[in-house]
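2 protein chains.
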Amino acid sequence: MTLTKPTLLIDPEQCQRNITAMTQKARQHGLIFRPHFKTHQSRKIGQWFRDRGIDKITVSSVDMARYFSQDGWQDITIAFPLNINEIPQIDQLAATINLHLTLLNEESVEALHRSLHHPVEIFIKIDTGSKRTGLPHQNVRDILHLKEKIEQTPQLHFKGLLAHPGHTYQANSREEILAIHRQTRDRMVALRDKIRKNNEPILLSVGDTPSNTLADEFEGIDEIRPGNFVFYDLQQYKLQVCSLSDIAVAVACPVVAKHEDQGRIVVFGGAVHLSKDTFMDGRPVYGYGVIMNENGWIIPEQKVIVSKVSQEHGILNVSPYMMKRVSIGDFLGILPAHSCLTANLMGSYWDHHQNRYDHMRG
Amino acid sequence: MTLTKPTLLIDPEQCQRNITAMTQKARQHGLIFRPHFKTHQSRKIGQWFRDRGIDKITVSSVDMARYFSQDGWQDITIAFPLNINEIPQIDQLAATINLHLTLLNEESVEALHRSLHHPVEIFIKIDTGSKRTGLPHQNVRDILHLKEKIEQTPQLHFKGLLAHPGHTYQANSREEILAIHRQTRDRMVALRDKIRKNNEPILLSVGDTPSNTLADEFEGIDEIRPGNFVFYDLQQYKLQVCSLSDIAVAVACPVVAKHEDQGRIVVFGGAVHLSKDTFMDGRPVYGYGVIMNENGWIIPEQKVIVSKVSQEHGILNVSPYMMKRVSIGDFLGILPAHSCLTANLMGSYWDHHQNRYDHMRG
Numbered sequence: 001m002t003l004t005k006p007t008l009l010i011d012p013e014q015c016q017r018n019i020t021a022m023t024q025k026a027r028q029h030g031l032i033f034r035p036h037f038k039t040h041q042s043r044k045i046g047q048w049f050r051d052r053g054i055d056k057i058t059v060s061s062v063d064m065a066r067y068f069s070q071d072g073w074q075d076i077t078i079a080f081p082l083n084i085n086e087i088p089q090i091d092q093l094a095a096t097i098n099l100h101l102t103l104l105n106e107e108s109v110e111a112l113h114r115s116l117h118h119p120v121e122i123f124i125k126i127d128t129g130s131k132r133t134g135l136p137h138q139n140v141r142d143i144l145h146l147k148e149k150i151e152q153t154p155q156l157h158f159k160g161l162l163a164h165p166g167h168t169y170q171a172n173s174r175e176e177i178l179a180i181h182r183q184t185r186d187r188m189v190a191l192r193d194k195i196r197k198n199n200e201p202i203l204l205s206v207g208d209t210p211s212n213t214l215a216d217e218f219e220g221i222d223e224i225r226p227g228n229f230v231f232y233d234l235q236q237y238k239l240q241v242c243s244l245s246d247i248a249v250a251v252a253c254p255v256v257a258k259h260e261d262q263g264r265i266v267v268f269g270g271a272v273h274l275s276k277d278t279f280m281d282g283r284p285v286y287g288y289g290v291i292m293n294e295n296g297w298i299i300p301e302q303k304v305i306v307s308k309v310s311q312e313h314g315i316l317n318v319s320p321y322m323m324k325r326v327s328i329g330d331f332l333g334i335l336p337a338h339s340c341l342t343a344n345l346m347g348s349y350w351d352h353h354q355n356r357y358d359h360m361r362g
Numbered sequence: 001m002t003l004t005k006p007t008l009l010i011d012p013e014q015c016q017r018n019i020t021a022m023t024q025k026a027r028q029h030g031l032i033f034r035p036h037f038k039t040h041q042s043r044k045i046g047q048w049f050r051d052r053g054i055d056k057i058t059v060s061s062v063d064m065a066r067y068f069s070q071d072g073w074q075d076i077t078i079a080f081p082l083n084i085n086e087i088p089q090i091d092q093l094a095a096t097i098n099l100h101l102t103l104l105n106e107e108s109v110e111a112l113h114r115s116l117h118h119p120v121e122i123f124i125k126i127d128t129g130s131k132r133t134g135l136p137h138q139n140v141r142d143i144l145h146l147k148e149k150i151e152q153t154p155q156l157h158f159k160g161l162l163a164h165p166g167h168t169y170q171a172n173s174r175e176e177i178l179a180i181h182r183q184t185r186d187r188m189v190a191l192r193d194k195i196r197k198n199n200e201p202i203l204l205s206v207g208d209t210p211s212n213t214l215a216d217e218f219e220g221i222d223e224i225r226p227g228n229f230v231f232y233d234l235q236q237y238k239l240q241v242c243s244l245s246d247i248a249v250a251v252a253c254p255v256v257a258k259h260e261d262q263g264r265i266v267v268f269g270g271a272v273h274l275s276k277d278t279f280m281d282g283r284p285v286y287g288y289g290v291i292m293n294e295n296g297w298i299i300p301e302q303k304v305i306v307s308k309v310s311q312e313h314g315i316l317n318v319s320p321y322m323m324k325r326v327s328i329g330d331f332l333g334i335l336p337a338h339s340c341l342t343a344n345l346m347g348s349y350w351d352h353h354q355n356r357y358d359h360m361r362g
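Protein chains in written order, with this note's numbering: chain R, 1 to 362; chain U, 1 to 362.
Think of the hints as simulated: they come from the structure by calculation, not from any bench. One or more hints might be untrue.
One copy or two, it doesn't matter: identical chains are merged, so the pair holds either way.
With a Cα cut of at most 27 Å, we get these calculated BS3-like pairs of lysine-lysine [said to hold, decoys possible]:
{"hint": "1", "residue 1": "K238", "residue 2": "K147"}
{"hint": "2", "residue 1": "K5", "residue 2": "K56"}
{"hint": "3", "residue 1": "K303", "residue 2": "K197"}
{"hint": "4", "residue 1": "K238", "residue 2": "K308"}
{"hint": "5", "residue 1": "K44", "residue 2": "K25"}
{"hint": "6", "residue 1": "K131", "residue 2": "K308"}
{"hint": "7", "residue 1": "K149", "residue 2": "K324"}
{"hint": "8", "residue 1": "K131", "residue 2": "K324"}
{"hint": "9", "residue 1": "K5", "residue 2": "K149"}
{"hint": "10", "residue 1": "K25", "residue 2": "K56"}
{"hint": "11", "residue 1": "K303", "residue 2": "K131"}
Predicted, not measured: the structure shown is a model, and the values here were computed from it.
Here chain R stands alone, though its shape is the one from the complex:
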């Protein structure tokens, strides 16, 4: 492939290593592995999961469920609170696949009761501390009440409880991530014990890349749903969840300006390529520059910081050595702060053998 403009590169070997590692981990712990496909949004990358025996997936929208159902995925959880405006589209999907929805209010149950014709499985969304959304885990009475409403609705089958401890992303250490993980597990297990009748099966599903990567205590949990681990990124690196060499995507960006006296390189590659997401490395950082070669990219010894992005500009702070090494028109790679958003903006992937990988938005 001749690169001409910003291009999302994937390292297929590294990506598959990430997939293999999480698959093996789930197996070792006897967990159902239902990877979240919102990070890659790619059928071709999805195939790497299928090759490893995975047949259950998670998505974050009805459109994404449709995209993967059309590629033969038959068991899909939409891990996002039901949007009742999309029940007709959900009904179409439920006619052909084993669909799981996520609910947290009675209005959703009533709307499904009115308009859904095909059966679906239902998870109740639980907030175990992230304070994004979900019924707070301590509101046992509300959760029981919602469970009963679900059980009274013929099209709905209550499957279990689902949590996303997204507050691991605010943790300051591995220990803090593990503490959040244990707390989430304990709260979910305790909640199940409180709402269970006659030893009925209630599936517990948790998932986020930081705790699913680091933790080793999953007793009581049935299913994990990590997504970001497929590529990892600098936010995960900063959380000490991955190393820089675990990151499986980089945006190749042409150098358009060098400002030697200011130690600044400008690339064609900005907010519409990387996203405006950041992580803290003393100050907000949008990415790290890496050196491209014919096999992918190499991480330089000294950090190259993407300190600013505007719509199409990326501003990199570089050492005098790096400044000399890079010429106008060269491509520099950028490891993204948040790979999910970068992939969503770029719309497709390329590997160094010039293979293209689809993305739902491409």
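Based on these hints, arrange chain U on the given structure of chain R.
This is chain U only, laid out in the frame that chain R set:
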């Protein structure tokens, strides 16, 4: 139109009022008006400029130049430092339209010399203080040297100097924006005087929405290139450049969860719809919630703050009154922090008469 999922709404009347106001302002000051189309990236919205007699435009990429050239635009400036890897694509464009490129280094001149067959007009990119990119305005010797290199290259015609005083976006008051504008103008005029030979024409092009909207002193300047004013947004509102009612786009988002005791509403509408861009309103804010009706949207008396976004979730902090007024499944509008990035993510626009407006990415 029946809304089912996050949808970018446009208020066509407000958008056209914004276009009319800037067109009239440019005329009053005898300025060439070369609006930047990177904000809307829409042929249909571009037509509103054409209707007002505009025939020159600015874009930020070669792809965007192609998109608009195919819609009949014949005079286009790519106001982004030349990416020498795209010279073949540029050459194709230059064969059919009056194309202006932006340069700031000799490598670019040499690459064009080697590979370009069709003539183009050249602006030298000047940094008047924004410290993003461009030759620093005080480096007269380098600028003169580059100008001579351009003049010695047969395919290139030196047209003038181009600056984007993007540091207006960091200003803390209208006065500060106006001071940056005056400084930019003075520096550009002084630079022109220093490099001009024999009274040759050297066009001065400046542009950014904050100063182009607020300023009234353009003596010496030939051309303005604002872009964001077509929609405005909350960043401009915070800079006191526009009012909330000047904002011409909002993302309609379905309410999926209400957390009454926490004063929190969750909508389907997150970073993949709004972008992760923010402005400061005490803390980082991603948008303001507005109330939708059949004619568009109404700005509520009390601010509704989008305090957090994740990939698909938007978290709104609402008053008890607003909480009562909004039901699960209702649509809330969100005025974006940065409309350029929101439009780029959403990919098309809808008005309340159910007309669709294209976007290059749609």
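Check your understanding: Quick check: which numbered hints come out false for this structure?
Key -> Numbers 1 and 3, in rising order.
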